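Letter by letter, the chains look like this.
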Amino acid sequence: KQEVTQIPAALSVPEGENLVLNCSFTDSAIYNLQWFRQDPGKGLTSLLLIQSSQREQTSGRLNASLDKSSGRSTLYIAASQPGDSATYLCAVTLLDLHNNNDMRFGAGTRLTVKP
Amino acid sequence: DAGITQSPRHKVTETGTPVTLRCHQTENHRYMYWYRQDPGHGLRLIHYSYGVKDTDKGEVSDGYSVSRSKTEDFLLTLESATSSQTSVYFCATRASGTDTQYFGPGTRLTVL
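Each protein sequence line maps, in turn, to chains A and B. Numbering-wise (our numbering), the first sequence opens with residue 1 and increments by one. Numbering-wise (our numbering), the second sequence opens with residue 1 and increments by one.
It is worth saying that the hints were derived from the structure and are not from the lab. For clarity, every value in this text was computed on a predicted model and none was experimentally measured. Be aware that one or more of the hints could be misleading.
Label-pair restraints from in silico Cβ distances [as the list claims (entries may be wrong)]:
(1) B/Asp99 to A/Ser70: 28 to 34 angstroms
(2) B/His10 to A/Leu11: 26 to 32 angstroms
(3) A/Pro115 to B/Lys53: 50 to 56 angstroms
(4) A/Lys114 to B/His41: 23 to 29 angstroms
(5) A/Ser53 to B/Ser96: 39 to 45 angstroms
(6) B/Thr17 to A/Ile7: 25 to 31 angstroms
(7) B/Thr100 to A/Lys1: 40 to 46 angstroms
Built from N, CA and C at the ideal position, the CB exists for glycine as well.
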């Protein structure tokens with residue numbers, strides 16, 4: 001059974017700091033991995049998607065890496081801003097169920113960026 | 001963002017009563033999903049649909065049923081609500097040939 005873990009559960013940093021969020025998964029048979037952002041009381045927004053054959057993806061100040069063999073992904077946020085405050089979730093799409101996009105989510109890391 | 005609405009947004013009900021949550025999309029996406037989100041568990045898939053009248057179970061389907069009679073609507077029904085079904089429920093959609101799911105704003109359900 002695929003288990004997805006995110007550590008730490010919560011993180012508080014001063015504005016301007018670079019930071020890394022971690023995601024680990026137990027089964028390397030994944031189709032892809034996604035990072036989502038969730039604001040309080042809102043739904044999820046996809047930030048980055050990494051296919052299993054890729055090593056990283058970048059969007060603006062965000063960079064996500066994937067090491068499938070070790071079951072790890074990191075989300076790097078450069079020059080953090082108060083507007084980055086949110087909960088960040090990672091999710092893996094199971095390889096044998098990828099046609100239906102069956103994902104397993106981590107519990108998320110709640111990020112607070114202080115002005 | 002895909003036009004996804006969920007109704008109601010908040011609901012309080014009593015144990016043993018039936019509850020139906022509605023997800024409506026305007027994007028004509030083929031796939032639709034229902035998740036629940038609980039503290040410490042992330043999101044867990046309840047049921048999904050891969051077309052009109054085509055549905056299948058997810059990771060935590062016990063106690064839930066779904067129906068999809070039109071492309072734009074996906075209903076989640078709790079036949080007899082229990083306190084363990086107190087949660088935030090999210091609907092999501094996905095277009096064929098893509099990997100990105102778009103999420104609705106969620107429904108907070110409290111079962112007393």
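Checked hints:
1. In this structure, B/Asp99 and A/Ser70 break the distance hint of 28 to 34 angstroms, their C-beta atoms being roughly 22 angstroms apart.
2. The supplied range of 26 to 32 angstroms is met by B/His10 and A/Leu11, whose beta-carbon atoms lie about 29 angstroms from each other.
3. For the pair A/Pro115 and B/Lys53, the supplied restraint of 50 to 56 angstroms holds, since their beta-carbon distance comes to about 52 angstroms.
4. Here the CB-CB span from A/Lys114 to B/His41 is close to 28 angstroms, well matched to the stated 23 to 29 angstroms.
5. One distance hint, 39 to 45 angstroms for the beta-carbon pair A/Ser53 and B/Ser96, is violated here, with the actual separation near 21 angstroms.
6. Between B/Thr17 and A/Ile7 the beta carbons are some 39 angstroms apart, a value that contradicts the proposed interval 25 to 31 angstroms.
7. Hint check: B/Thr100 to A/Lys1, Cβ distance near 25 angstroms, so the stated range 40 to 46 angstroms is violated.
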